[in-house]
Every structure is written in C-alpha cells, then in structure tokens.
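Student: For this one, chain A is given, so just place chains B and C on it according to the hints.
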Amino acid sequence: MRLWFAILALMAAPVLAQQSMPPAPYAYTQLEDPALEAEATELMETLRCLKCQSQSINDSDAPMAGDMRHQVRSRILAGESPDAIRSWLTQRYGDYVSYQPEVSSTTWPLFAIPLLLLLIVGGVLFTRLGKRRSDKGTE
Amino acid sequence: MIAELGLAALWLSAALSVLMMISGAMGLRDVASPHALYARPASVVQAFLAVLAFFLLLYAFAITDLSIKLVATNSHSAKPFIYKLTGTWGNHEGSMLLWVAVLALSGGLLGGLERRLPEKTMSATLMVQGFVALGFYAFMLLSSNPFERLPVPALEGGGLNPLLQDIGLAIHPPTLYVGYVGLSVAFSLAMGALITRQVTPDFAKVMRPWVLGAWVFLTFGITAGSYWAYYELGWGGWWFWDPVENASLMPWLAATALLHSVTVLAARDALRTWTIMLGVLAFSMSMLGTFLVRSGVLTSVHAFAVDPERGSFILGLLGLYIGGALVIFAMRAGSISEGKRFTVTSREGALVFNNVMLSAILAIVLLGTLYPLLTEAFDVRVSVGPPYFNPAGAIFAIPMFIVMAVGPLLRWKDDKPARIQFELALLAAVAIAIVALVAILGDYSVLAVLGLALSVALGIGALLPLKGRNIRRVPTATWGMIAAHFGVAVSLFGMASESAFTSEKLAAMAPGDSEVVADWNIQLESVDPVAGPNWTAIEARVLAARGDEEPTELGPQSRNFWSPPQPTSESALVTRWDGQLYVVVGDSAGIDANGNERWQIRVWWKPFVTFIWYGGLLIAFGGILSIIGRLQVDLKRRSAKAQGKARRADVEALSGDKPGSTAAPEPAE
Amino acid sequence: MRLAYFIPLALFLFFAGLAGYQLTQPKEQNVRSQMIEQPLPEFTLEPALEGMPGVSRADFVEGQPRLLNIWASWCLPCIAEAPHLERLREEGVEIIGIAVRDRPEAVADFLNRYGNPYSRIGSDDISELMLEIGASGVPETYVIDAAGNIRYQHIGDIRADTVPLLLEKLEEVR
Numbered sequence: 062m063r064l065w066f067a068i069l070a071l072m073a074a075p076v077l078a079q080q081s082m083p084p085a086p087y088a089y090t091q092l093e094d095p096a097l098e099a100e101a102t103e104l105m106e107t108l109r110c111l112k113c114q115s116q117s118i119n120d121s122d123a124p125m126a127g128d129m130r131h132q133v134r135s136r137i138l139a140g141e142s143p144d145a146i147r148s149w150l151t152q153r154y155g156d157y158v159s160y161q162p163e164v165s166s167t168t169w170p171l172f173a174i175p176l177l178l179l180l181i182v183g184g185v186l187f188t189r190l191g192k193r194r195s196d197k198g199t200e
Numbered sequence: 009m010i011a012e013l014g015l016a017a018l019w020l021s022a023a024l025s026v027l028m029m030i031s032g033a034m035g036l037r038d039v040a041s042p043h044a045l046y047a048r049p050a051s052v053v054q055a056f057l058a059v060l061a062f063f064l065l066l067y068a069f070a071i072t073d074l075s076i077k078l079v080a081t082n083s084h085s086a087k088p089f090i091y092k093l094t095g096t097w098g099n100h101e102g103s104m105l106l107w108v109a110v111l112a113l114s115g116g117l118l119g120g121l122e123r124r125l126p127e128k129t130m131s132a133t134l135m136v137q138g139f140v141a142l143g144f145y146a147f148m149l150l151s152s153n154p155f156e157r158l159p160v161p162a163l164e165g166g167g168l169n170p171l172l173q174d175i176g177l178a179i180h181p182p183t184l185y186v187g188y189v190g191l192s193v194a195f196s197l198a199m200g201a202l203i204t205r206q207v208t209p210d211f212a213k214v215m216r217p218w219v220l221g222a223w224v225f226l227t228f229g230i231t232a233g234s235y236w237a238y239y240e241l242g243w244g245g246w247w248f249w250d251p252v253e254n255a256s257l258m259p260w261l262a263a264t265a266l267l268h269s270v271t272v273l274a275a276r277d278a279l280r281t282w283t284i285m286l287g288v289l290a291f292s293m294s295m296l297g298t299f300l301v302r303s304g305v306l307t308s309v310h311a312f313a314v315d316p317e318r319g320s321f322i323l324g325l326l327g328l329y330i331g332g333a334l335v336i337f338a339m340r341a342g343s344i345s346e347g348k349r350f351t352v353t354s355r356e357g358a359l360v361f362n363n364v365m366l367s368a369i370l371a372i373v374l375l376g377t378l379y380p381l382l383t384e385a386f387d388v389r390v391s392v393g394p395p396y397f398n399p400a401g402a403i404f405a406i407p408m409f410i411v412m413a414v415g416p417l418l419r420w421k422d423d424k425p426a427r428i429q430f431e432l433a434l435l436a437a438v439a440i441a442i443v444a445l446v447a448i449l450g451d452y453s454v455l456a457v458l459g460l461a462l463s464v465a466l467g468i469g470a471l472l473p474l475k476g477r478n479i480r481r482v483p484t485a486t487w488g489m490i491a492a493h494f495g496v497a498v499s500l501f502g503m504a505s506e507s508a509f510t511s512e513k514l515a516a517m518a519p520g521d522s523e524v525v526a527d528w529n530i531q532l533e534s535v536d537p538v539a540g541p542n543w544t545a546i547e548a549r550v551l552a553a554r555g556d557e558e559p560t561e562l563g564p565q566s567r568n569f570w571s572p573p574q575p576t577s578e579s580a581l582v583t584r585w586d587g588q589l590y591v592v593v594g595d596s597a598g599i600d601a602n603g604n605e606r607w608q609i610r611v612w613w614k615p616f617v618t619f620i621w622y623g624g625l626l627i628a629f630g631g632i633l634s635i636i637g638r639l640q641v642d643l644k645r646r647s648a649k650a651q652g653k654a655r656r657a658d659v660e661a662l663s664g665d666k667p668g669s670t671a672a673p674e675p676a677e
Numbered sequence: 010m011r012l013a014y015f016i017p018l019a020l021f022l023f024f025a026g027l028a029g030y031q032l033t034q035p036k037e038q039n040v041r042s043q044m045i046e047q048p049l050p051e052f053t054l055e056p057a058l059e060g061m062p063g064v065s066r067a068d069f070v071e072g073q074p075r076l077l078n079i080w081a082s083w084c085l086p087c088i089a090e091a092p093h094l095e096r097l098r099e100e101g102v103e104i105i106g107i108a109v110r111d112r113p114e115a116v117a118d119f120l121n122r123y124g125n126p127y128s129r130i131g132s133d134d135i136s137e138l139m140l141e142i143g144a145s146g147v148p149e150t151y152v153i154d155a156a157g158n159i160r161y162q163h164i165g166d167i168r169a170d171t172v173p174l175l176l177e178k179l180e181e182v183r
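Chains as they are written, first to last, in this note's numbering: chain A, 62 to 200; chain B, 9 to 677; chain C, 10 to 183.
So that you can see chain A by itself, here it is in the shape it has in the complex (with noise of 0.2 Å):
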C-alpha cells in the first residue's frame, strides 16, 4: 500500500551521496517546550514534503523536508500561530503543500459534497426507514 509510494519516491530522487552539510538546526530537534512541540508535530502531520509526493514533512528524510521542519518549528517558537505559517507556506507553494485543504475557490465542492452527501443520506434513510410504519404489513 503506502510502501509503494515511499519506493517511488526513493526511485524518484536517488539518493545521491548528496550533502554532507549538518541538517538545519530544528530539522532533527524537538522544542523544549512540549505544547510548543506538540502544535509543531501536529502542524508538520499535515505539510506535505515536496520532494517525496506522498509523505508529510514530520516523516519524510528528505533534506527539504528537514529545512522546512526546521522553519515550522522555528516560526512557532517565535510565537507564529500554526494557521499563519500554513497560509505562509501555501501562498508560496499553493494548497499541494496542506494536506488540510481550505475552502476556496478550487476546493469547495470537497466541502459541499459532503454536505449534500448528509442530505441525501438523510433523505434516503427517511424514505427506506421512516414511511414504512405507515404501510407495514402491505407485503
């Protein structure tokens, strides 16, 4: 399943004996502040890694990834809120780098689907389950 894609995304990028520069200094480290941490990791879940394709940026090793962990985790520490740095990094990279898509312009029926799938659901529960009280014993 999801090892495919972390097969590609290893084919995709060989791994060249690329940098032997030290990661970025939060790439690999937590904060000290547990809650801080806490709403870094949750925010970093849901980033993804551009390199990787189908990985977020908390669990991928790409040096990218460790970068922009490195700028998630710096910016909360700096007291940004986690909704500032994504909309930071989506005016940059547009809504491919959230996984939490926002409502706009291209994703909208993602959220009104759903609502109308509510809708239906309730309108066929009501028309199989609700009216036949009335015409029980028809059959």
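Since the hints were derived computationally from the structure, they do not count as laboratory data. Take the hints with a grain of salt, since some may be wrong.
Part of the chain A face toward chain B, derived, beta carbon under 10 Å [what the hints assert, rightly or not]:
1. T90
2. T102
3. E103
4. E106
Everything numeric in this text was worked out from a predicted model, so none of it was measured. Each residue gets a CB set at the ideal place from its N, CA and C atoms; glycine is no exception.
Tutor: Okay, now just chains B and C, sitting in the frame of chain A:
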C-alpha cells in the same frame, strides 16, 4: 520451455474463457440448449491452466531464469530464496498474472461446485465471469506479457526493491488480490441474478460465502499491509489516507456493506436492488483500485506501470464491465421489487442505516481520493490528507458505530426499543463516563476521545447478544458476528489510543547518553557498522527499560542496499500487552562537546497501537467463523434433505403411493 | 425505469471521462511556485565562498532584469546546465547564484571545474530563500525584473533550447 508453456497455457485459458462466455450465453437463451453444457467444464479447465501459468512463472523466478525479461528486470541471483519467490508478484506483470490466476480459480470453483442456483441464472453468471476473465487475459497477453523472452539472456538481474524484500510482500499483495478478485464472483452472481431476475434469498445464500470469503481476505490483506508499512517505513505511521491505501479500503467498505445487505436478503428477502447495486459497486471499487495503482493518473511516479497504454486498457475494461453493469442495472432495477418491509427499530432497520453510513464513508473516501485528479484537469494541484478524511469520515462513522453497538440486540422485522432499554442505558452510561474521564485526564482531540468512548461501548455492545443465552448453543455464525464486531471495537480502541497518547522523542545521542520517553528509559550503547547478504548498515545498540525492569536490547538499523542502491530504515520494536516501543536510528548528527559522534535516535511509545491489528485479525477471524457457521448449516440442511428424500423413498416403496406434496422440512435460518 | 437508477451510471461516466482525459494529459511532476508576479521577499544570504559577494534582495532592484539560479555542487543536473549558464552570461545576462546546502570548498571546486557564470553567490544552508520564493528543488532558475519582482520560473536544468526562452523572458520584462 517454461516461458513458452506458460504463455501457451495463458492463451488456451483465454480461449476457454471465450467458450465459457458463449456457452453461458447459449444457456441463458435456452437452458436446454446442448451448447450450454460447456460453460462449467470450460471454467474448471481454464482455472487449471491459469494457475499452471502462474506456477510456471513462480518456477522461473525460483530458478532465476534470466532469459525471461521479467525475471531479469526484477530478480537477482544473490537474493534470498524466499524473496525470489515473493518477487514473482512484486512487479506489474507478475502481480497481474496472480490476479488473473485467482480470477480463473474462483471462476472454476464457482462453475465446478455451485449447484444451488437455477441453471439459467448459473449460465448467465458463468457468461459474465467468462467475459470478465477474457478482458483480463487480453490485458495480460496484449499489453503485459509476463513470459516475454530477452533476445540475449541477461548476465545478472536488476534486483528487487529492498523495501519489498520483506515477508510483508509474501502476505499482503496476494491476500488483497484474492479479496479483490473474490468480489468478481459476487459481481458475476449479481449480474446473473439481475439478468435472469432471480434476486432471491437463495441467490443471496449462494453469494454470501463468496462475499464473506473475499471480505476476510481483504480485511486480512489491509491489516497486514498496514502493519507492514508501519514497521518497514520507519516513521511509525500505520495509515496515511494516500491513494493506494484508499484503493484497498474502498472495496473493503463496499464489501462490508454488501456482506450485511446480502445477509438481510438471505434471511428476510429484503433489500434486493440495494444488494445488486452493492455487488456491482464492490467489484467496481476493486477495478478502480487496480486502475489507480497501475495507470499512474494520481501520482506521477509509481512502482507499477507508469505506462498510459496500460492505464487506458484498464480504463477500457472498467468502462466495459462497470459501465455495462450499470446500464443493465439502470434498465432492470425497476423491475425488481424491493422485497419485504420492516420498521426502523428492527435488525433490518439498523442494517440499512449502517449500510447507508458505510456507503457515505465510501463516497467521502472516493471523493477525497479522486479530487486531486479533478483539479489537475484545471492545472491546479491540491493535497487531500488525514485532516480532511478523519473528520469528514467521522461524520458518518460515529452514528454508524452507535447503531452498530445496538443493532444486533434488535429483533428482525419489528422491535420495541423499550425491550432493550437497559442495554441502551448501559452503553450510553459507559460512553459518557469515558468521555468525562478522558476529558479530566488531559487535553485530547475530540475525535480521539469519541473514538475511545465508542470503542468501549461498542466492545460491550458486541458481547451483549450473548446475554441470557446458553453459550454452548450459540450458533457459530453468531460467534462470527460477535468476534467481528468486537474486533472493530478493539481496532478502534487502538487507533484512538495511538492518536491520543503517543509520546515521541527525537534526540541526537552519543553512546552512553540516555533519554526518557513516557515511562521508558532509553540508553544508546554503541553504533556499529554491520553487513548483510545484499546490504550494509549501521546498527545502533539501544537498551530500553520500563521503570525498574531489566533492560531489553534493541538493534535498529539504517541500511543501504546495493542492488538496487537504496537506503532503508529497519525499526526495532518492543511489544508489550499495552503498546509498542518503536526505535529508529537515523544519520550521524555531528560531534558533541566531548568529541563523541552523535546519532539521530527517534523513539515512540505507542500505547495499545497493536490493538489496531489484533482487531483487524479478529474481524477476519469473525468472517471465517461466519463462513464455517454457514457451511455447517448448509451441510446439515443437505443431510436433512437427503434423509427426507430417503425417508420419502422408503415410504413410497412401502406404500407404492406417489410422493406427497409436502416438501422436506428445511431448518430455519 | 426510475431516473434514480441512472445516477450511478452518470457518476461513473463522469469519472471515466475525467480519468480518460487525464490519461492523455502529460503529468505535472513539479510543484510550481505561486510567487510569480510577486515581489521578491526580503532576504540576506552570506557568500557561498570567499572572494565573492553574498546576495540580498537589494542586489536585484536596479538597472536590468536578472536571473536567479538555484544550484548546488552535489546536484548532477547542475553540471549539465553549467555550459548553458555560461552562454547566457556571454549574452550579457547577470546571473546571481544561490548554492543550496553546500560547503565553500565544494562550491569552489565545482566552479573551477565547470566555470563560474555568477556575479555573486549566496549560500542557502537551510532552504531559507527556497522556501521564501516557493522553490521545491535544485536546480531552478527565476527571471527577476528590474523592480525586484519574480516574473518567471524554470524548473529543472537549463538545456540548449531553454536559453533563447530565458533570453526572451528577460527581454519581455525589461
């Protein structure tokens, strides 16, 4: 020779599927037609040939026959033997052959064993099954021939992706395929019944074991895949809602709905059109999954075919079968009456409610999975992930779990809620108590808290049908239901607990350093290079101790395979009854103040995470119990019938009278 | 024949049409920057090697349009694009380089081997500038107009046929 034999077997079975189709069509037009006789034998022989072809390919992989292109690209002589075998289905062509072999085998079993349906319906069913098989044979033979020879045999193979060199590959894809393909039989039966307008309880009883069987395999396959990804990928996740995962979840959701509606049809002769629709839907979801996984429309890079030609071929098949089935459904469904009536507060009522909820969840998953495809048509790229699927799915999943806890307590046809008011009050009290308790303990996400509460209520609810019954007299099939429902509760508990209570520690550690995660004490002993048959690695020696207990030694590795060159992370796990400790070693993190090299160590303590998969296994086990239970009833009924016949024959012989008009009594369902 | 029974068919046909259309479309592999037509954000980067100036936003805001080239010494396609960057320089284009996650020695070694088309090179060790301008990989090249606005993004290495395209874009924004 192997390759040529295999190819010949495939062509022959393709020809036999044509025979099956034509002979089935003849039988549909006129049951007495002499040409209708061939359908059943043809189905059996093609099953034999297709399975033979698969075993020949398996043999070619076993001996690493490098003159076959597929073997040369995907295998390697130095690979451990077990992975040579499993490598057979670790690629597009081989997995397609496995798929076709299972498809043929189920067709053969159906044609060879099934005698309960009217002959006309059976002919129509075999015709559809032959038609479906033919499409996949064509796909194999025309666009993905697994037996293609190389002009010059290769000197060495290309090797198998190291992430796939794992026992997970031996289990996960084959079980999923059996599940997917088992649904093709449900599809053929549904179409046969629809074409001949025989949507009856008898038809449902024939269809049920197939649906149950496919569902058991799907459940097991998804569970195994989830655990495989969890320990192999090295980031501790077990479900990410990505398209390939969703592709396996959607048929499962449809099959779960189908399973319940077919039970209603068998027991109560209700929900006829709905069952047919779900039969078509379940198989469409299998095919859709195949399409998404192999066409590359959703993610650009893919382990399987990125060949758009193959994608178009599968899309063509999808259009032919599903489009065709839906046209027939639209034309015919009106002529099938809905069947028996029931009230809201009845077993059927609860089942219908949950069927609708399952379908709604399926719709959400489908929407979220396909939505990026839609926006890409307008050159906009979006991502839909867990923050969307979790809440959107929960809107329908929460009412479903509530009804699921109560439904099995209701009687068929009509019941008074007052009769089970004690049980209702008990479940509600438990759920509310847990919500309150967890809310006091800490600040957790709403979904996780609701999940915990519902899982406990559901667990109790699943056992309540046993109340007041003699445990020894409970039918096996009922045990199956109880086990499966209890399994859902167990799994839900694991999911909620993992998401609410996981603690994570990420640290750069030099040998000798220690860290604390939850109530575990982690100490890094040493980091050393190690080597395996086709990889080298650095291995960390980590001592993990919980409280004051004796430390457990762990060896997480960061491996580098050389054919093909690729790094993987081998996690190390400590499993306790109440959770799992998950340790991963990463890259070097530079030198610390004392001049010692430090390493990235990532540790999670995941309370009750294992319950997710125990639950999955329990669900599958419940399905198996249910099949056994149905078979028992069936065999009893057959022997009762046979006895009845024998008795009547005796009576007849004694009295010389004609047989009475009263049929042999059938045991009630 | 109730109309409702046709709904599944209609939905399926919609999906099949969409999927069929998408199969014929080339697959977009890259994540494009959303910062095109936006002003370059404020930034200051240290020099990537001794003897060359570092880069800041101020270096883009006077005179003529420039190219901003994101590269690294560990990046194989960057070797392939080096001669084409050289040609652009010969055409009189000012190219400002950003070396990503790179060491000064490695940068110097790369420039010695494959030539140095850059007027200045900044060092971006933690993808700061990359994230600011919405770049997702190495190499990427941006056309920046004289007012310091990002006008065009080229993803991947510069090939022979990209050179006239970039020159044209530079001319367009002049």
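Student: Against this structure, judge whether each hint is valid.
Tutor: We went through each hint and held it up to the structure:
1. A cut of 10 Å between beta carbons decides the hint on T90 of chain A: the least distance to chain B is about 7 Å, and the hint holds.
2. This hint holds: T102 of chain A has a C-beta 7 Å from the nearest C-beta of chain B, less than the 10 Å allowed.
3. With a least beta-carbon distance of about 9 Å to chain B, the hint placing E103 of chain A at the interface is held under the 10 Å criterion.
4. Evaluation of the E106 of chain A hint against chain B yields a held restraint, the C-beta minimum of about 7 Å falling below 10 Å.
Violated hints for the displayed structure: none, as all numbered hints are satisfied.
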